[in-house]
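Undergrad: This is what each chain is made of:
2 protein chains.
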Amino acid sequence: MIFDFLNIKPKDAVYISADQLRAQIVSILVAVNVPKEHALITADILVMANLRGVDTHGVANLLEYIPMIRSGEYTIPQKIHVLQETVSTALMTNGNGLGFVGAYYAMQLAIEKAKNTGVGQVAVRDGRHIGMVAYYPMMALKHEMIGMAVTNGSRSVRPALGARPRIGTNPIAFAAPAGKERPFILDMATSTVSGRKIELAYLLGVPIPEGWVVDSKGKPIRNPPFKRNENWSQNPLGNTIEQGGHKGYGLAVMIDILAGVLSGGGFSAKFKFGQNMTWVMAIDISKFRPVTKFKKMMDNMINELHLTPPEKGAERVLVAGDPEADVYDVRIKNGIPMHRTQVTELDSLAKEVGIISTLSK
Amino acid sequence: MIFDFLNIKPKDAVYISADQLRAQIVSILVAVNVPKEHALITADILVMANLRGVDTHGVANLLEYIPMIRSGEYTIPQKIHVLQETVSTALMTNGNGLGFVGAYYAMQLAIEKAKNTGVGQVAVRDGRHIGMVAYYPMMALKHEMIGMAVTNGSRSVRPALGARPRIGTNPIAFAAPAGKERPFILDMATSTVSGRKIELAYLLGVPIPEGWVVDSKGKPIRNPPFKRNENWSQNPLGNTIEQGGHKGYGLAVMIDILAGVLSGGGFSAKFKFGQNMTWVMAIDISKFRPVTKFKKMMDNMINELHLTPPEKGAERVLVAGDPEADVYDVRIKNGIPMHRTQVTELDSLAKEVGIISTLSK
Numbered sequence: 001m002i003f004d005f006l007n008i009k010p011k012d013a014v015y016i017s018a019d020q021l022r023a024q025i026v027s028i029l030v031a032v033n034v035p036k037e038h039a040l041i042t043a044d045i046l047v048m049a050n051l052r053g054v055d056t057h058g059v060a061n062l063l064e065y066i067p068m069i070r071s072g073e074y075t076i077p078q079k080i081h082v083l084q085e086t087v088s089t090a091l092m093t094n095g096n097g098l099g100f101v102g103a104y105y106a107m108q109l110a111i112e113k114a115k116n117t118g119v120g121q122v123a124v125r126d127g128r129h130i131g132m133v134a135y136y137p138m139m140a141l142k143h144e145m146i147g148m149a150v151t152n153g154s155r156s157v158r159p160a161l162g163a164r165p166r167i168g169t170n171p172i173a174f175a176a177p178a179g180k181e182r183p184f185i186l187d188m189a190t191s192t193v194s195g196r197k198i199e200l201a202y203l204l205g206v207p208i209p210e211g212w213v214v215d216s217k218g219k220p221i222r223n224p225p226f227k228r229n230e231n232w233s234q235n236p237l238g239n240t241i242e243q244g245g246h247k248g249y250g251l252a253v254m255i256d257i258l259a260g261v262l263s264g265g266g267f268s269a270k271f272k273f274g275q276n277m278t279w280v281m282a283i284d285i286s287k288f289r290p291v292t293k294f295k296k297m298m299d300n301m302i303n304e305l306h307l308t309p310p311e312k313g314a315e316r317v318l319v320a321g322d323p324e325a326d327v328y329d330v331r332i333k334n335g336i337p338m339h340r341t342q343v344t345e346l347d348s349l350a351k352e353v354g355i356i357s358t359l360s361k
Numbered sequence: 001m002i003f004d005f006l007n008i009k010p011k012d013a014v015y016i017s018a019d020q021l022r023a024q025i026v027s028i029l030v031a032v033n034v035p036k037e038h039a040l041i042t043a044d045i046l047v048m049a050n051l052r053g054v055d056t057h058g059v060a061n062l063l064e065y066i067p068m069i070r071s072g073e074y075t076i077p078q079k080i081h082v083l084q085e086t087v088s089t090a091l092m093t094n095g096n097g098l099g100f101v102g103a104y105y106a107m108q109l110a111i112e113k114a115k116n117t118g119v120g121q122v123a124v125r126d127g128r129h130i131g132m133v134a135y136y137p138m139m140a141l142k143h144e145m146i147g148m149a150v151t152n153g154s155r156s157v158r159p160a161l162g163a164r165p166r167i168g169t170n171p172i173a174f175a176a177p178a179g180k181e182r183p184f185i186l187d188m189a190t191s192t193v194s195g196r197k198i199e200l201a202y203l204l205g206v207p208i209p210e211g212w213v214v215d216s217k218g219k220p221i222r223n224p225p226f227k228r229n230e231n232w233s234q235n236p237l238g239n240t241i242e243q244g245g246h247k248g249y250g251l252a253v254m255i256d257i258l259a260g261v262l263s264g265g266g267f268s269a270k271f272k273f274g275q276n277m278t279w280v281m282a283i284d285i286s287k288f289r290p291v292t293k294f295k296k297m298m299d300n301m302i303n304e305l306h307l308t309p310p311e312k313g314a315e316r317v318l319v320a321g322d323p324e325a326d327v328y329d330v331r332i333k334n335g336i337p338m339h340r341t342q343v344t345e346l347d348s349l350a351k352e353v354g355i356i357s358t359l360s361k
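Just so you know, the sequences run in chain order A and B. With this note's numbering applied, the first sequence has no gaps in its numbers, which climb one by one up to 361 at the end. With this note's numbering applied, the second sequence has no gaps in its numbers, which climb one by one up to 361 at the end.
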């Protein structure tokens, strides 16, 4: 993770292989009536987040989803289908079930459409949390396509000049293939940091840097509570007007429009916690120019960026996707470090849904 | 303008009507062999920037373009045509002429394609400065469409952790129609501020806030030189890693990919000053759901954002496009305030190209 103070301490880490983790997630999901195919998709997305070091969006979040499935807040099994479409676009319902599944099928459909017309674009309503947003644009890479995805969420961020949360952390993700270099993979909240980093800091008992969160008077808070309420907000990317806070705010609303208003699923200010609408796009590079030439220019650009002299104290200039790819290479070999508390909690969750846990073995 | 210290002082302002300004720009452009139709498009985009208060991207920039036209650096008259296309996408060349014209025709084509397939997407190579980027997505509004445009430029911004400029200010603009409320119109550089605001501060002799520009050691500069060089850089939106500088950087590269690598026109790090490639998209709302319902939800969202209690010292929370729409309403009635030096310079420019100036009358 880019912020070292949010890393798990070595003494608290238990290493589990991706395969073992995936199998356990599938078993838990199937035990609460999630169809096998949906469980496989969800498990792959959650484990991929852990493999890439995006632990805030990994398997531990099952502790949030399973109670919402068991209480009936999620509709399981969910019915996903297309409500309206053209050769290049579609509106889809996620059926109020696992958000991962609707977003996954939406990206598959966008890719199919892009094969025919150069671009495919799908908006998803009745959605839920879709996890690490980068997963969906990354699906486009193996088809030699550019992928993009945005998702909106319930209010936790203040508009520029505002004193209350009215927008979500509304992230955007974008992936483009390269040749010899690794693909460009951007995945960012339009707030200073993702909301789950704030929660993680709370759980670890560490203060957050100034600029991430303010109270309703605009004063920085370094130890915000775990639960959201009207008295504190995250800052939009840029923070103050002078430093461009209206830009992070503007991007968040742009994403509310694409994911929420275009789909009809709703916007951040009126969401309840756990609602997330999605919009995905795939662009077939070959419909613009030869893929080999595109990739060669990508390589040149990435190389040029890597060669930028670093600022004092920095080792090297990175390109979006570098840190996650580095972590992936290590974890696919050595396993995924999980906090021992999380492993115990996942074990209890397995027991609760009536299956045998395989993680602590 | 959002930053008061960059405003023209009343004593320096000369008021000129939009019509008068447009006519003068057309005459100057035609005098240097720009075809009438191209001149009309360019003049409308430049004057619209002034009308909306985006003076940094207004008619005064003719002082930059005309010498580049006369020296042969721009190819005039330019040949714009489609190099490759599908029902939903196109690759277009701007013919190395006025960037405005290629971007305008690209958006027109994107809108036509969106009418048929729900989405149209056009990448433009051999491009030049396109001015106020918001103009192009705004073209989509009267067709009940969402518009989006991005453009890349020569290097002036440092990558996060970098000590030298390697990315452009690479802006993004996005417009979506509303019902009773004004449309949402976002137009933002992915750097802390646009490069032309730095130039304007230089011309006005006022220092810029810390956080906008750093030297090659990463130290803030409040009085950067007018001309770009390797020893100073703008900051990406977010500035430091802690505050999300890697996000502004990532967005700038995403825009390099869409506008530059997809089109084949090239990327910021290797551009010479004045090269700008463009990518535009139009989305037909009616292909997703009824436009009236979309607009009603837009109204609800905008209203909700406007109702956010403001932070201490702020009058009200704005939505992207509000400040520009307010300025437009005043200037369409009272005329456009131009700095008297700019008027004199435009007069000289007219004389230089052999026509009679109508501005100072």
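Simulated from the structure, these hints should not be mistaken for lab results. Quantities reported herein were computed from a predicted structural model and do not represent experimental measurements. Do not take every clue at face value.
To be verified - Subject to a maximum C-alpha distance of 27 Å in a straight line, what follows is the list of computed BS3-like cross-link-like pairs (lysine-lysine): (1) A:Lys312 to B:Lys227; (2) A:Lys295 to A:Lys217; (3) A:Lys270 to B:Lys227; (4) B:Lys142 to B:Lys36; (5) A:Lys180 to B:Lys270; (6) B:Lys272 to A:Lys293; (7) B:Lys270 to B:Lys217; (8) A:Lys293 to B:Lys270; (9) A:Lys270 to B:Lys79; (10) B:Lys293 to A:Lys79; (11) B:Lys333 to B:Lys142; (12) A:Lys293 to B:Lys79; (13) A:Lys312 to B:Lys217; (14) A:Lys227 to B:Lys312; (15) A:Lys219 to B:Lys293; (16) A:Lys270 to B:Lys295; (17) B:Lys180 to B:Lys142; (18) B:Lys272 to A:Lys296; (19) A:Lys272 to B:Lys296; (20) A:Lys295 to B:Lys180; (21) B:Lys293 to A:Lys270; (22) B:Lys180 to A:Lys272; (23) A:Lys272 to B:Lys293; (24) B:Lys9 to B:Lys227; (25) B:Lys115 to B:Lys312; (26) B:Lys219 to A:Lys312; (27) A:Lys180 to A:Lys79; (28) A:Lys9 to A:Lys293; (29) A:Lys312 to B:Lys270; (30) A:Lys295 to B:Lys272; (31) A:Lys217 to B:Lys312; (32) A:Lys142 to A:Lys312; (33) B:Lys11 to A:Lys296; (34) B:Lys11 to B:Lys333; (35) A:Lys270 to B:Lys180; (36) A:Lys180 to B:Lys272; (37) A:Lys115 to B:Lys115; (38) A:Lys293 to A:Lys115; (39) B:Lys142 to A:Lys272.
Undergrad: Hints first: check each against the structure and report whether it holds.
TA: Comparing the hints with the structure gives:
1. A:Lys312 to B:Lys227: Within the cut-off at roughly 24 Å; holds.
2. A:Lys295 to A:Lys217: Status violated; Cα separation ~49 Å.
3. A:Lys270 to B:Lys227: violated, 47 Å
4. B:Lys142 to B:Lys36: With Cα atoms ~24 Å apart, Lys142 of chain B and Lys36 of chain B stay inside 27 Å; holds.
5. A:Lys180 to B:Lys270: Answer holds: Lys180 of chain A to Lys270 of chain B is near 19 Å, not above 27 Å.
6. B:Lys272 to A:Lys293: holds, 21 Å
7. B:Lys270 to B:Lys217: holds, 22 Å
8. A:Lys293 to B:Lys270: holds, 16 Å
9. A:Lys270 to B:Lys79: Cα-Cα ~49 Å, so violated.
10. B:Lys293 to A:Lys79: OK: Lys293 of chain B and Lys79 of chain A at ~24 Å, within 27 Å.
11. B:Lys333 to B:Lys142: Satisfied, since the Cα-Cα distance of roughly 22 Å is no more than 27 Å.
12. A:Lys293 to B:Lys79: Judged against 27 Å, a Cα distance of about 24 Å means the pair holds.
13. A:Lys312 to B:Lys217: Measuring from Cα to Cα gives roughly 7 Å; hence the hint holds.
14. A:Lys227 to B:Lys312: Distance ~24 Å between Lys227 of chain A and Lys312 of chain B Cα, so the pair holds.
15. A:Lys219 to B:Lys293: Roughly 39 Å separates the two Cα atoms, so the pair is violated.
16. A:Lys270 to B:Lys295: Roughly 16 Å between the alpha carbons, so the hint for Lys270 of chain A and Lys295 of chain B holds.
17. B:Lys180 to B:Lys142: holds, 15 Å
18. B:Lys272 to A:Lys296: holds, 20 Å
19. A:Lys272 to B:Lys296: holds, 20 Å
20. A:Lys295 to B:Lys180: It is violated: about 46 Å lies between the C-alpha atoms, which goes past 27 Å.
21. B:Lys293 to A:Lys270: Within the cut-off at roughly 16 Å; holds.
22. B:Lys180 to A:Lys272: Since the Cα atoms of Lys180 of chain B and Lys272 of chain A sit roughly 26 Å apart, the hinted pair holds (cutoff 27 Å).
23. A:Lys272 to B:Lys293: Given that 27 Å is the threshold and the Cα spacing comes to 21 Å, the pair holds.
24. B:Lys9 to B:Lys227: Holds, at about 24 Å.
25. B:Lys115 to B:Lys312: violated, 46 Å
26. B:Lys219 to A:Lys312: holds, 10 Å
27. A:Lys180 to A:Lys79: Violated: Lys180 of chain A and Lys79 of chain A sit about 41 Å apart, past 27 Å.
28. A:Lys9 to A:Lys293: violated, 44 Å
29. A:Lys312 to B:Lys270: holds, 24 Å
30. A:Lys295 to B:Lys272: Cα-Cα ~22 Å, so holds.
31. A:Lys217 to B:Lys312: Holds. Lys217 of chain A to Lys312 of chain B sits at ~7 Å (cutoff 27 Å).
32. A:Lys142 to A:Lys312: violated, 37 Å
33. B:Lys11 to A:Lys296: violated, 54 Å
34. B:Lys11 to B:Lys333: holds, 20 Å
35. A:Lys270 to B:Lys180: Holds, because 19 Å separates the two Cα atoms, which is no more than 27 Å.
36. A:Lys180 to B:Lys272: holds, 26 Å
37. A:Lys115 to B:Lys115: Holds, because 20 Å separates the two Cα atoms, which is no more than 27 Å.
38. A:Lys293 to A:Lys115: Given that 27 Å is the threshold and the Cα spacing comes to 19 Å, the pair holds.
39. B:Lys142 to A:Lys272: violated, 33 Å
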